[in-house]
Amino acid sequence: MMRAIQFGHAAAALIVGLAAYGAPASPEASFQAAQKARATGDLTAALAGFETALALDPDNIRYGSEYRQAAIQAKEYERSLKFFEKLVADHPNSAKAHLNYGFAYVDKIPAAGSITQVILANTALTEFTRSIDISPSWIAYYTRGNSYLFWPKVFLRAPLGVADLEKAYGMQKAGPKRTYHVRVYISLGDGYWKTDNMDKARAIWTEGLREFPDNAQLKARLARNGDDLKTYIDNELDPNKRVDTNLQELWASE
Amino acid sequence: MLGGAKSVLYRRAVVVCVSLIACLTAAALAGTSFPATRWFEDITKAARINSKHTNREFKNPYAHIMAGYTALGASVVVADYDGDGFEDAFVTDSSAHGKNHLYHNNGNLTFTDVAERAGVADGNDEENASSAALWFDYNNDGRPDLLVVRFGHNQLFQNLGNGRFKEVTRGAGLYRYLNAIAAIAFDYDRDGYVDLFVACYFQPVNVFHPDTPRFFPENMETANNGGGVPVFHNNGNGTFTDVTDKVGLRQSGWALDMGHGDANNDGFDDLYVANDFGTDRFFVNNGNGTFSDITKTAIGFDTKKGMNAEWGDFDNDGLLDIFVTNVTDDYMREGNFLWHNNGNLTFSDVSRETGTYESGWGWGAKFFDYDNDGWLDLYVMNGWVSAGSESYVPDIFAMLVKPGIDLTDARSWPPMGKKSLSGYEKKRLYHNEHGQVFTEQSARHGLDSIRDGRGVAIADFDNDGRLDVFVANANAEPYLYRNTLPTGAHWVSFLLEGRRSNRAAVGAQVRLTAAGQTWLRYVSGGNSFAGQSSNRVHFGLGEVAGIDRVEVRWPTGEKEVFTGMAADRLHKIVEGSSKNKN
Chain A
1 MMRAIQFGHA AAALIVGLAA YGAPASPEAS FQAAQKARAT GDLTAALAGF
51 ETALALDPDN IRYGSEYRQA AIQAKEYERS LKFFEKLVAD HPNSAKAHLN
101 YGFAYVDKIP AAGSITQVIL ANTALTEFTR SIDISPSWIA YYTRGNSYLF
151 WPKVFLRAPL GVADLEKAYG MQKAGPKRTY HVRVYISLGD GYWKTDNMDK
201 ARAIWTEGLR EFPDNAQLKA RLARNGDDLK TYIDNELDPN KRVDTNLQEL
251 WASE
Chain B
1001 MLGGAKSVLY RRAVVVCVSL IACLTAAALA GTSFPATRWF EDITKAARIN
1051 SKHTNREFKN PYAHIMAGYT ALGASVVVAD YDGDGFEDAF VTDSSAHGKN
1101 HLYHNNGNLT FTDVAERAGV ADGNDEENAS SAALWFDYNN DGRPDLLVVR
1151 FGHNQLFQNL GNGRFKEVTR GAGLYRYLNA IAAIAFDYDR DGYVDLFVAC
1201 YFQPVNVFHP DTPRFFPENM ETANNGGGVP VFHNNGNGTF TDVTDKVGLR
1251 QSGWALDMGH GDANNDGFDD LYVANDFGTD RFFVNNGNGT FSDITKTAIG
1301 FDTKKGMNAE WGDFDNDGLL DIFVTNVTDD YMREGNFLWH NNGNLTFSDV
1351 SRETGTYESG WGWGAKFFDY DNDGWLDLYV MNGWVSAGSE SYVPDIFAML
1401 VKPGIDLTDA RSWPPMGKKS LSGYEKKRLY HNEHGQVFTE QSARHGLDSI
1451 RDGRGVAIAD FDNDGRLDVF VANANAEPYL YRNTLPTGAH WVSFLLEGRR
1501 SNRAAVGAQV RLTAAGQTWL RYVSGGNSFA GQSSNRVHFG LGEVAGIDRV
1551 EVRWPTGEKE VFTGMAADRL HKIVEGSSKN KN
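Respectively, the protein sequence lines represent chains A and B.
For the first sequence, the residue numbers in the numbering used here are 1 to 254.
For the second sequence, the residue numbers in the numbering used here are 1001 to 1582.
Keep in mind the hints are simulated off the structure, nothing from the lab.
The C-beta atom is built at its ideal place from N, Cα and C for all residues, glycine as well.
Incorrect hints may appear among the rest.
To be verified - With a Cα cut of at most 27 Å, we get these calculated BS3-like pairs of lysine-lysine:
{"id": "1", "chain 1": "A", "residue 1": "Lys153", "chain 2": "A", "residue 2": "Lys200"}
{"id": "2", "chain 1": "A", "residue 1": "Lys86", "chain 2": "B", "residue 2": "Lys1402"}
{"id": "3", "chain 1": "A", "residue 1": "Lys75", "chain 2": "A", "residue 2": "Lys241"}
{"id": "4", "chain 1": "A", "residue 1": "Lys153", "chain 2": "B", "residue 2": "Lys1296"}
{"id": "5", "chain 1": "B", "residue 1": "Lys1402", "chain 2": "A", "residue 2": "Lys82"}
{"id": "6", "chain 1": "B", "residue 1": "Lys1426", "chain 2": "A", "residue 2": "Lys153"}
{"id": "7", "chain 1": "B", "residue 1": "Lys1099", "chain 2": "B", "residue 2": "Lys1045"}
{"id": "8", "chain 1": "A", "residue 1": "Lys241", "chain 2": "B", "residue 2": "Lys1402"}
{"id": "9", "chain 1": "B", "residue 1": "Lys1052", "chain 2": "B", "residue 2": "Lys1296"}
{"id": "10", "chain 1": "B", "residue 1": "Lys1052", "chain 2": "B", "residue 2": "Lys1099"}
{"id": "11", "chain 1": "A", "residue 1": "Lys153", "chain 2": "A", "residue 2": "Lys75"}
{"id": "12", "chain 1": "A", "residue 1": "Lys200", "chain 2": "A", "residue 2": "Lys167"}
{"id": "13", "chain 1": "A", "residue 1": "Lys167", "chain 2": "A", "residue 2": "Lys153"}
{"id": "14", "chain 1": "B", "residue 1": "Lys1052", "chain 2": "B", "residue 2": "Lys1559"}
{"id": "15", "chain 1": "A", "residue 1": "Lys241", "chain 2": "B", "residue 2": "Lys1426"}
{"id": "16", "chain 1": "A", "residue 1": "Lys241", "chain 2": "A", "residue 2": "Lys230"}
{"id": "17", "chain 1": "B", "residue 1": "Lys1559", "chain 2": "B", "residue 2": "Lys1572"}
{"id": "18", "chain 1": "B", "residue 1": "Lys1402", "chain 2": "A", "residue 2": "Lys153"}
{"id": "19", "chain 1": "B", "residue 1": "Lys1426", "chain 2": "A", "residue 2": "Lys230"}
{"id": "20", "chain 1": "B", "residue 1": "Lys1296", "chain 2": "A", "residue 2": "Lys241"}
{"id": "21", "chain 1": "B", "residue 1": "Lys1059", "chain 2": "B", "residue 2": "Lys1099"}
{"id": "22", "chain 1": "A", "residue 1": "Lys230", "chain 2": "A", "residue 2": "Lys200"}
{"id": "23", "chain 1": "A", "residue 1": "Lys75", "chain 2": "B", "residue 2": "Lys1296"}
{"id": "24", "chain 1": "A", "residue 1": "Lys153", "chain 2": "B", "residue 2": "Lys1418"}
What the hints assert, rightly or not - Over the 10 Å line for every Cβ pair with chain B, so calculated as not near, a few chain A residues:
{"id": "25", "residue": "Thr40"}
{"id": "26", "residue": "Tyr77"}
{"id": "27", "residue": "Thr123"}
{"id": "28", "residue": "Pro239"}
{"id": "29", "residue": "Val243"}
Said to hold, decoys possible - Have a look at the derived ranges for each label pair, beta carbon to beta carbon:
{"id": "30", "chain 1": "A", "residue 1": "Asp238", "chain 2": "B", "residue 2": "Ser1292", "range": "31 to 37 Å"}
{"id": "31", "chain 1": "B", "residue 1": "His1097", "chain 2": "A", "residue 2": "Lys200", "range": "32 to 38 Å"}
{"id": "32", "chain 1": "A", "residue 1": "Lys153", "chain 2": "B", "residue 2": "Ala1566", "range": "39 to 45 Å"}
{"id": "33", "chain 1": "B", "residue 1": "Lys1402", "chain 2": "A", "residue 2": "Glu78", "range": "20 to 26 Å"}
{"id": "34", "chain 1": "A", "residue 1": "Arg242", "chain 2": "B", "residue 2": "His1097", "range": "50 to 56 Å"}
{"id": "35", "chain 1": "B", "residue 1": "Ala1566", "chain 2": "A", "residue 2": "Arg224", "range": "49 to 55 Å"}
{"id": "36", "chain 1": "B", "residue 1": "Asn1060", "chain 2": "A", "residue 2": "Arg62", "range": "54 to 60 Å"}
{"id": "37", "chain 1": "B", "residue 1": "Pro1061", "chain 2": "A", "residue 2": "Arg242", "range": "30 to 36 Å"}
{"id": "38", "chain 1": "A", "residue 1": "Lys230", "chain 2": "B", "residue 2": "Ala1566", "range": "48 to 54 Å"}
{"id": "39", "chain 1": "A", "residue 1": "Lys241", "chain 2": "B", "residue 2": "Arg1500", "range": "41 to 47 Å"}
{"id": "40", "chain 1": "A", "residue 1": "Arg224", "chain 2": "B", "residue 2": "Thr1112", "range": "53 to 59 Å"}
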């Protein structure tokens, strides 16, 4: 065990060192070393390793996702934001880099004051939009659509969320079923609920439950009505709670 | 001489116990039309205290922007200014020619506005806007004097004792331009005179004729360009000296309220400062005439919008806790603070656990035991601006997300116009369920009005042992609610008079023991935003009819024990009158 830990440290340091001296490291090697460093609790080495991997492969959604999880662990929100800022400046057409950049703003929201939360959420939307503009994808539409739902009604953003989630819904219906598709059923129903279309909300949740019969979140929604349902969804969309932005489900179910 | 607590022989004290008030009024609900389960009756009109408050409209280039951010100034402060045994109320207006009101209690739940006759009506003009007020006996003559807190120059009125007041601001050394929003008075250095702490919102820029547009908060979460808390030491000769730096309280937050209390029971009152647009501050009194900022360890650094600081022992553990309102709406979910006192100069926020987290856009809030069950309940004012059906929220957030926005510049801020911002919010009455949780009871008791509440004052206006509620609303009429709690629950009240301590005994702690339980209450020097309650110390006793002992810890630090005191009475206790001293 100890040897593995030592290896993790050494490998990450070596790869970071190589990158620093201009030697081209393999992005996957950097990523794996960073994963090991993270597993041993060496977040400094992990972050550096992930950054090296991303610099070499900016459009890799997995690298970005794992990097952000490490940044959350280390509470290095600013570092993460600055890194992605530079990454998208260097690689403006990397759709997944913009997506992860947007998520980096979302990651900071629970650690911010109530006003800053709104500014962060708004900036995240900008990055999600850039990602869609570059390369429309299920994950980008789902992400932006779901983000719109966190905004209070007064901002009139829930209909935009429904529109995005409908696109994600259409995309998933056109391809093979994935476990993460349940998310769209949940969020799209929430979007209809938030736009006062209760019938459509129930219909999409019901359809989702047919597709994913064990899903507790869908069951919880369908079991509630009125204020009870409102309390439940408001709680789910509470900006003070950390949103799970770990995207590992995407590759885990491939 | 006393030889330890166990050997103390408590003789039946010859207390200066003046039974000012007789018994509970029987059958209070008989003949009334409201539901039997409703324990408050709106008597505003019948009591003749229904003069409308009007917000200040500024006349400067930024007036259309300032209008929304200065919808303040509705306050109510209570004291028995003429010593007739009935609590009176001073209520502020804020319009340029609006008169302030001194409502003299006629003793029958009607009031007469005597402000003009008393000489305290003129608190507003083109250069000054009343924002709050404070009763405090600065000269220890036993008569509450009056400070009118203003954007502009505060006014200090000496109570002459003949129903009239004389303005003594300049002579007292208090004539200074401040954008003051709240004031409290307590004797921080235990010299026998209450000192004055003034919370200031804007810096001392003349907001009536600003020479710069850059006087708004620099940011929304950690702003440090506000007015801070100037401190004026009472010299004991009718004058005050600014000691802000000397006592270690120089600060630059957007102070909205302050509350004092002895957090660590060391005999010296500490200070909580609630700051809008940023971090609240906690200052421990070092006992040598200075304070230390221990915010980091006591409460941590917050980014919320502190609006109120009220102290009280909500869980009856013998330590004073603190309730602070913040802003909670669907677009800004800050949540209130209920700071549970851990006893070591640290506090834990238990607002979520106790159900007091989300009340709305909070303002003044007061602990009081409305049902005399021995547990402090909580009444919270809510709502910012109630105007048209359109919301101002998108406007403000559109400003906030503009790159490089200069928030200090008033011109950056969108005018509110006829839009609403967290308007039409209900006030909240939280019933304390044995110090564990609070349940919301405002609708049941008819205390859920949607006028834009600001200050609340608690007092027993009809001396029946049930605490009544006076609410000041911005740009609207106030409310006076008579408490009609069915008889049964016991109570006792104390009016303290200091001799070596400051005359009004501000800061005195009273520990009442009965049926094996001890309660702590204390004399506040005006805590909570825009509202000052009676300085009587009130205990609800529930089913307990007999009092074992009453310990008073005077502001000097000296303790006295009184025994043989009857329940269901108001007692006057004079410092030094007990035979039992610790």
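Structure-based check of all given hints:
{"no.": "1", "hint": "A:Lys153 - A:Lys200", "in the structure": "holds, 18 Å"}
{"no.": "2", "hint": "A:Lys86 - B:Lys1402", "in the structure": "holds, 21 Å"}
{"no.": "3", "hint": "A:Lys75 - A:Lys241", "in the structure": "holds, 15 Å"}
{"no.": "4", "hint": "A:Lys153 - B:Lys1296", "in the structure": "violated, 36 Å"}
{"no.": "5", "hint": "B:Lys1402 - A:Lys82", "in the structure": "holds, 20 Å"}
{"no.": "6", "hint": "B:Lys1426 - A:Lys153", "in the structure": "holds, 20 Å"}
{"no.": "7", "hint": "B:Lys1099 - B:Lys1045", "in the structure": "holds, 19 Å"}
{"no.": "8", "hint": "A:Lys241 - B:Lys1402", "in the structure": "holds, 26 Å"}
{"no.": "9", "hint": "B:Lys1052 - B:Lys1296", "in the structure": "violated, 42 Å"}
{"no.": "10", "hint": "B:Lys1052 - B:Lys1099", "in the structure": "holds, 10 Å"}
{"no.": "11", "hint": "A:Lys153 - A:Lys75", "in the structure": "violated, 31 Å"}
{"no.": "12", "hint": "A:Lys200 - A:Lys167", "in the structure": "holds, 16 Å"}
{"no.": "13", "hint": "A:Lys167 - A:Lys153", "in the structure": "holds, 21 Å"}
{"no.": "14", "hint": "B:Lys1052 - B:Lys1559", "in the structure": "violated, 45 Å"}
{"no.": "15", "hint": "A:Lys241 - B:Lys1426", "in the structure": "holds, 26 Å"}
{"no.": "16", "hint": "A:Lys241 - A:Lys230", "in the structure": "holds, 17 Å"}
{"no.": "17", "hint": "B:Lys1559 - B:Lys1572", "in the structure": "holds, 16 Å"}
{"no.": "18", "hint": "B:Lys1402 - A:Lys153", "in the structure": "holds, 21 Å"}
{"no.": "19", "hint": "B:Lys1426 - A:Lys230", "in the structure": "holds, 19 Å"}
{"no.": "20", "hint": "B:Lys1296 - A:Lys241", "in the structure": "holds, 23 Å"}
{"no.": "21", "hint": "B:Lys1059 - B:Lys1099", "in the structure": "holds, 19 Å"}
{"no.": "22", "hint": "A:Lys230 - A:Lys200", "in the structure": "holds, 16 Å"}
{"no.": "23", "hint": "A:Lys75 - B:Lys1296", "in the structure": "holds, 19 Å"}
{"no.": "24", "hint": "A:Lys153 - B:Lys1418", "in the structure": "holds, 20 Å"}
{"no.": "25", "hint": "Thr40", "in the structure": "holds, 31 Å"}
{"no.": "26", "hint": "Tyr77", "in the structure": "holds, 15 Å"}
{"no.": "27", "hint": "Thr123", "in the structure": "violated, 8 Å"}
{"no.": "28", "hint": "Pro239", "in the structure": "violated, 7 Å"}
{"no.": "29", "hint": "Val243", "in the structure": "holds, 14 Å"}
{"no.": "30", "hint": "A:Asp238 - B:Ser1292: 31 to 37 Å", "in the structure": "holds, 36 Å"}
{"no.": "31", "hint": "B:His1097 - A:Lys200: 32 to 38 Å", "in the structure": "violated, 56 Å"}
{"no.": "32", "hint": "A:Lys153 - B:Ala1566: 39 to 45 Å", "in the structure": "violated, 57 Å"}
{"no.": "33", "hint": "B:Lys1402 - A:Glu78: 20 to 26 Å", "in the structure": "holds, 21 Å"}
{"no.": "34", "hint": "A:Arg242 - B:His1097: 50 to 56 Å", "in the structure": "holds, 53 Å"}
{"no.": "35", "hint": "B:Ala1566 - A:Arg224: 49 to 55 Å", "in the structure": "holds, 54 Å"}
{"no.": "36", "hint": "B:Asn1060 - A:Arg62: 54 to 60 Å", "in the structure": "holds, 58 Å"}
{"no.": "37", "hint": "B:Pro1061 - A:Arg242: 30 to 36 Å", "in the structure": "violated, 44 Å"}
{"no.": "38", "hint": "A:Lys230 - B:Ala1566: 48 to 54 Å", "in the structure": "holds, 51 Å"}
{"no.": "39", "hint": "A:Lys241 - B:Arg1500: 41 to 47 Å", "in the structure": "violated, 54 Å"}
{"no.": "40", "hint": "A:Arg224 - B:Thr1112: 53 to 59 Å", "in the structure": "holds, 55 Å"}
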